[in-house]
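S.K.: As a plain string of letters, each chain reads:
There are 2 protein chains.
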Amino acid sequence: MASFKKYRVGGKFRLSHIDPDDTPFCEGDENAQRTELDALAVELDELQDLLNAEGKRKLLLVLQGMDTSGKDGTVRWVFSRTSPLGVRVTAFKAPTVDERARDYLWRCHAVVPRTGEIMVWNRSHYEDVLVPVVEGWIDKAEAKRRYAQINDFERLLTETGTVVVKCMLHIDKDEQRERLQARIDTPGKQWKFSMDDLEVRTKWSAYQQAYQNALVATSTDHAPWHVVPANSKRHRNVMIAQLLVKTMRQMKLKPPPPDPALKGMIVK
Amino acid sequence: MASFKKYRVGGKFRLSHIDPDDTPFCEGDENAQRTELDALAVELDELQDLLNAEGKRKLLLVLQGMDTSGKDGTVRWVFSRTSPLGVRVTAFKAPTVDERARDYLWRCHAVVPRTGEIMVWNRSHYEDVLVPVVEGWIDKAEAKRRYAQINDFERLLTETGTVVVKCMLHIDKDEQRERLQARIDTPGKQWKFSMDDLEVRTKWSAYQQAYQNALVATSTDHAPWHVVPANSKRHRNVMIAQLLVKTMRQMKLKPPPPDPALKGMIVK
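Those protein sequences? They're chains H and W, same order as listed.
With positions in the first sequence counted from 1, the corresponding number in the numbering used here is that position plus 227.
With positions in the second sequence counted from 1, the corresponding number in the numbering used here is that position plus 227.
These aren't lab readings, by the way, just hints derived from the structure by calculation.
Hints are supplied without guarantee of correctness; some may be wrong.
Any copy, or any two copies together, can satisfy a pair, since identical chains are not distinguished.
[Said to hold, decoys possible] Listed below are the simulated SDA-like cross-link pairs for lysine to any residue, each with C-alpha atoms no more than 25 Å apart in a straight line:
{"#": "1", "residue 1": "K367", "residue 2": "V338"}
{"#": "2", "residue 1": "K400", "residue 2": "I493"}
{"#": "3", "residue 1": "K481", "residue 2": "V339"}
{"#": "4", "residue 1": "K419", "residue 2": "I245"}
{"#": "5", "residue 1": "K490", "residue 2": "D412"}
{"#": "6", "residue 1": "K479", "residue 2": "I493"}
{"#": "7", "residue 1": "K320", "residue 2": "V339"}
{"#": "8", "residue 1": "K285", "residue 2": "A337"}
As the structure is a computational prediction, the values presented were derived from the model and not from experiment.
Model the full assembly from the supplied sequences, consistent with the hints where possible.
M.R.: Pasting the structure below:
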């Protein structure tokens with residue numbers, strides 16, 4: 228297995244030094260990769276069962292990335308073998324009037340995972356240190372304040388039994404062009420296309436910079452960021468599945484010990 | 228394919244006339260059945276994609292049944308191929324203080340499916356016409372009032388774009404004994420066992436009668452009940468998957484037509 232080290236965000240991390248075309252976690256031919264992904268998905272299902280049986284901890288997977296970077300596809304393939312009983316997904320859109328009337332962490336806190344559950348956030352509170360920064364709605368001091376608030380919030384989660392895994396799906400501007408074009412040109416996919424995506428696309432560099440700053444400021448020991456080269460969809464899936472399996476194996480999950488009081492009990 | 232007619236609850240339906248051991252929807256050997264279930268699960272995934280693409284309607288699957296009747300297992304196998312993006316599950320437990328402070332439909336209304344989504348209720352508002360009836364907390368007149376409230380509530384849902392599918396997983400008392408015993412005897416399963424299950428088990432006949440009354444009173448044209456012989460897990464899964472596929476095919480789902488404004492558009 229390749230090492231995650233290069234992709235884990237630390238103090239000197241530069242997003243621009245990660246090549247979105249890289250595929251370090253892909254081994255063998257296409258078939259071998261499919262087989263591996265399926266095996267990982269099956270193991271994730273087993274691990275989630277154990278997470279539920281243990282009944283103490285929970286897991287939060289945060290997915291961020293530019294439009295078309297593959298957040299939905301990641302969920303589809305990485306969790307292709309897990310029961311919907313144990314995995315929930317929340318997709319964060321532009322905040323509603325009701326959500327804007329509260330602090331930006333309010334709607335996130337409302338949907339943190341419950342004990343035994345894997346929760347996936349498709350976009351997240353990180354949108355609130357990306358969009359407002361790029362649009363100039365908040366200044367540097369406010370962005371800095373938010374990074375600290377986010378770190379505090381995530382520390383609360385981890386200190387209360389949540390393992391937080393954060394992945395930034397890293398594609399390049401050419402790849403996005405192709406994917407947007409495919410949405411426009413394919414009748415069955417056109418409903419996924421929005422003119423807003425083109426508008427955001429014009430601010431590509433500003434978003435890369437905002438990501439750079441946010442990633443470095445919020446990659447903590449308790450909730451580190453990983454950047455996932457994601458031009459290759461298979462690589463993206465395999466790398467994230469590997470990261471999750473590795474993380475959950477390290478949790479050393481196991482069901483509660485047998486209850487002595489039930490020993491030899493017969494149901495009538 | 229077998230006919231659902233016999234299992235659809237109508238005015239003269241008798242729960243006691245349905246044999247939990249029946250397997251009318253199982254065809255061929257075990258392997259053939261597995262293959263069929265997988266094919267159905269894949270088609271359900273495609274249909275859910277279309278439900279989402281269409282962006283107008285939603286589907287609610289209500290699962291009811293005695294303890295160990297296989298509600299969790301149904302979710303696991305019937306939705307083994309659908310992305311957690313499109314299928315959500317809500318498990319209703321005994322109402323909390325906050326929930327008891329409202330009418331019994333309040334917590335259900337809060338988690339109806341959103342457009343494009345399949346929502347599964349693992350237990351549901353029907354618990355409130357089963358438990359209180361068996362325990363004698365409400366009288367016949369109140370039960371009748373609740374049946375009517377439930378029918379009204381479900382009509383609201385169907386009139387606003389929700390297709391409601393309701394399945395009662397029908398096992399017999401012997402089958403439950405075996406399944407409870409297995410939970411007690413298997414260390415890895417013991418965490419699923421609760422002493423409360425034994426208490427409820429002593430009221431088996433009263434629950435069968437409460438189901439009989441509730442099923443007949445709330446099987447409407449807009450939201451009919453199906454009783455699923457469920458001593459065989461494979462039969463239960465195949466029958467429910469077939470019912471869902473049939474129902475969703477009848478919805479004639481399709482993505483929105485291509486937008487003429489996007490024709491020939493090139494992404495830069």
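S.K.: Are any of the numbered hints broken by this structure? If so, which, sorted upward?
M.R.: Hints 1, 4, 6 not satisfied by this model.
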